[in-house]
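Peer 1: What follows is the residue order along each chain.
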Amino acid sequence: MQLQVQFNMKQELYKYILGIADNSLILGQRLGELTGHGPTLETDIACTNISLDLFGQVRSYFQYAAKIAGDGRTEDNIAMLRKEREYVNVLLVEQPNTNFAYTMARQFLFDVYHLAFLSELEKSKDLTLSAIAKKCIKEVRYHERFSSDWIKRLGDGTEESKAKMQEAINDLWTYTDELFHQTEADKAMVSEGIGVDVTKLKDAYYKQVNEVLEIATLKIPESKYFQKGGKKGIHTEHLGYLLAELQYMQRTYPNMEW
Amino acid sequence: MSKNWPLWEIFVRSKNGLEHRHFGSLHAADAEMALVNARDVYTRRNEGVSIWVVESKNIIASNPEHNGEMFEPAQDKVYRHPTFYDLPDEVKHM
Amino acid sequence: MSEEQIKNPGTERSRSLEKQFEARIARDEKIEPKDWMPEKYRKTHIRQMSQHAHSEIVGMLPEGNWITRAPSLRRKVALLAKVQDEAGHGLYLYSATETLGISRDEMYEQLHTGKAKYSSIFNYPTVTWADMGAIGWLVDGAAIINQVPLCNTSYGPYARAMIRVCKEESFHQRQGYEIMMKLANGTPEQKEMAQDALNRWWWPSLMMLGPTDAESIHTEQSMKWKLKRKSNDDLRQQFIDQTVPQADLIGLTIPDPDLKWNEERQSYDFGDIDWDEFWQVVKGHGPMNKERMKARVGAWEEGEWVRDAAMAYADKKQERKEKQVV
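From first to last, the protein sequence lines are chains A, B and C.
Each residue of the first sequence is one higher than the one before, counting from 1 in my numbering.
Each residue of the second sequence is one higher than the one before, counting from 1 in my numbering.
Each residue of the third sequence is one higher than the one before, counting from 1 in my numbering.
Hints in this document: simulated from the structure, not taken from any laboratory.
Treat the hints with care, as some may be off.
When the alpha-carbon atoms are kept at most 27 Å apart in a straight line, the in silico DSS-like pairs for lysine-lysine are as follows [claimed, not checked]:
1) B:K3 <-> C:K317
2) C:K316 <-> B:K15
3) C:K43 <-> B:K57
4) A:K207 <-> C:K316
5) B:K3 <-> B:K77
Beyond 10 Å from chain B on every Cβ pair, some chain A residues (computed) [unchecked claim]:
6) F7
7) K67
8) R73
9) D149
10) E192
11) R251
Where is the CB? At the ideal position from N, CA and C, for every residue including glycine.
If we strip away everything but chain A, and leave its shape as in the complex, we get (with noise of 0.2 Å):
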């Protein structure tokens, strides 16, 4: 019985880590489209920077949920060999780079959110995830500065970025409300002392978001409809080819190391 506990245990913190590491996947692997095709040379290095220190959350998540499970599987498997409903990830972030106002909006709504979370993280009863936390909020509070002053300029620049700005947020803004639903495995770690309590985060997140849209002279979206299904694998259709891309080697010379 005690046997049984622990194995669900392990089972649900395995769930909990992709929860938290997918998001930092796809939205990695949505800047590194990026890479080659900035606006300026110096914004090009910057949003490969955010791309870069995602993955290298990615591998730290996915390396212990490897140790976690266990049974040979690596980073890599685990990155790459999933199945697409098997993906976590909120919705948010694998949307596509439909212009730079959009890649700026994603990356600040998710910052926001994800700055919150890692400060709660970092007090984890889990030492691992809590010393990830530690080592991420660095990275990340400096994300949540480079994509607020994009909001802020692109919103109070000229009338064609204020519009394309404020269409971004407008659209992207559906996808927020996601960000604090509670999964199983949520639930389970929370209980544990191991996880955070999204829904504690929900209002500050918007006090935040609101503040930094104002001082960008953009309007807060007025929308009570809200996306969801991410976090269960039910995705927006973007995700797919985000994933074929992401798996081609893999999936097409399978049981090979590179």
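Let chain A serve as the given structure and place chains B and C on it in line with the hints.
Peer 2: What follows is chains B and C alone, placed relative to chain A:
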């Protein structure tokens, strides 16, 4: 197309105890952006602990054509250097 | 005063300046941005340095093509960091060129209109993952041979930029060779992929070191100004001599039936290079010329509203600050 992003000169202190050194330049719309760009461009490999940015147009430089009167007069003022002064051989460290 | 001097004092002065200038370079003194320099020196440097910068930027595209498909997370971060370095190197070089009185925008304009060239090798497609290995190993290998002597070139800002570039690039070739090694020691399918990449990148890499000395127009002047330390043919020989043993070591075959060790020269003899292909690509008819330019121009044009917005925002902020002071 309107104005281009101005050029900024980047100075980085590689560790405390050392001076800021000129690392290069880059383009940015404003000072805040110049700072973050400098961080991403010039300290990717852990090269710095402090960054200064100065818009290039604010740097006043001496004119190399005046190098004669600016710098050559200092060349023959040997009495500013310790080797100008004779000491007996017995004095080893001074 | 001679008659000539009376008639044309300006020319005489510039001739003597030029003599002094050449003497400074011969003494291994560095030339700095505000120093007097012959117009030809300035122009030649703008041409070579901007071409170098363009090559870095266009060079991001063939490798960038595989970032989303890298086979492992370790490879993905290495590739991202490498392509990002190329952006950094382009930036260092553009900045160094700007000290000669040309703006980055003007240089972009020259690239986008086809007036300025970039390294032709980037006009070949990257069709498999092994191309990431071949590019790192061969293309970066050839680039390093070209670049290391430039750390000591006569124009200060260029030399300083190159020191940074060379320092950072030391990992690029290694990561490429490591990819090739892993493939060559992998499954038959992987080894075949590696050999195929070597077959496709070998000759373009040799061409990358420039036309044969007989056909190279800039060499003599460039040697004097330390823009070049060795001739194209010498560099090519050096590249071949260092690369062949590396291929042997991982069991890959250089695709040149005429390749043979020459005991007397202590160097490899090699087969004829298809210079027609080289000139065709240089003239814009390589497999990827159009796509590469389209990608660069596209990024620049799509970025315009972003750059404008940032500038408008900076101006507004400045205005507000000034108002507060008043």
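Peer 1: Against this structure, judge whether each hint is valid.
Peer 2: Hint check:
{"no.": "1", "hint": "B:K3 <-> C:K317", "in the structure": "holds (16 Å)"}
{"no.": "2", "hint": "C:K316 <-> B:K15", "in the structure": "violated (36 Å)"}
{"no.": "3", "hint": "C:K43 <-> B:K57", "in the structure": "holds (23 Å)"}
{"no.": "4", "hint": "A:K207 <-> C:K316", "in the structure": "holds (25 Å)"}
{"no.": "5", "hint": "B:K3 <-> B:K77", "in the structure": "violated (49 Å)"}
{"no.": "6", "hint": "F7", "in the structure": "holds (42 Å)"}
{"no.": "7", "hint": "K67", "in the structure": "holds (28 Å)"}
{"no.": "8", "hint": "R73", "in the structure": "holds (32 Å)"}
{"no.": "9", "hint": "D149", "in the structure": "violated (6 Å)"}
{"no.": "10", "hint": "E192", "in the structure": "holds (36 Å)"}
{"no.": "11", "hint": "R251", "in the structure": "holds (32 Å)"}
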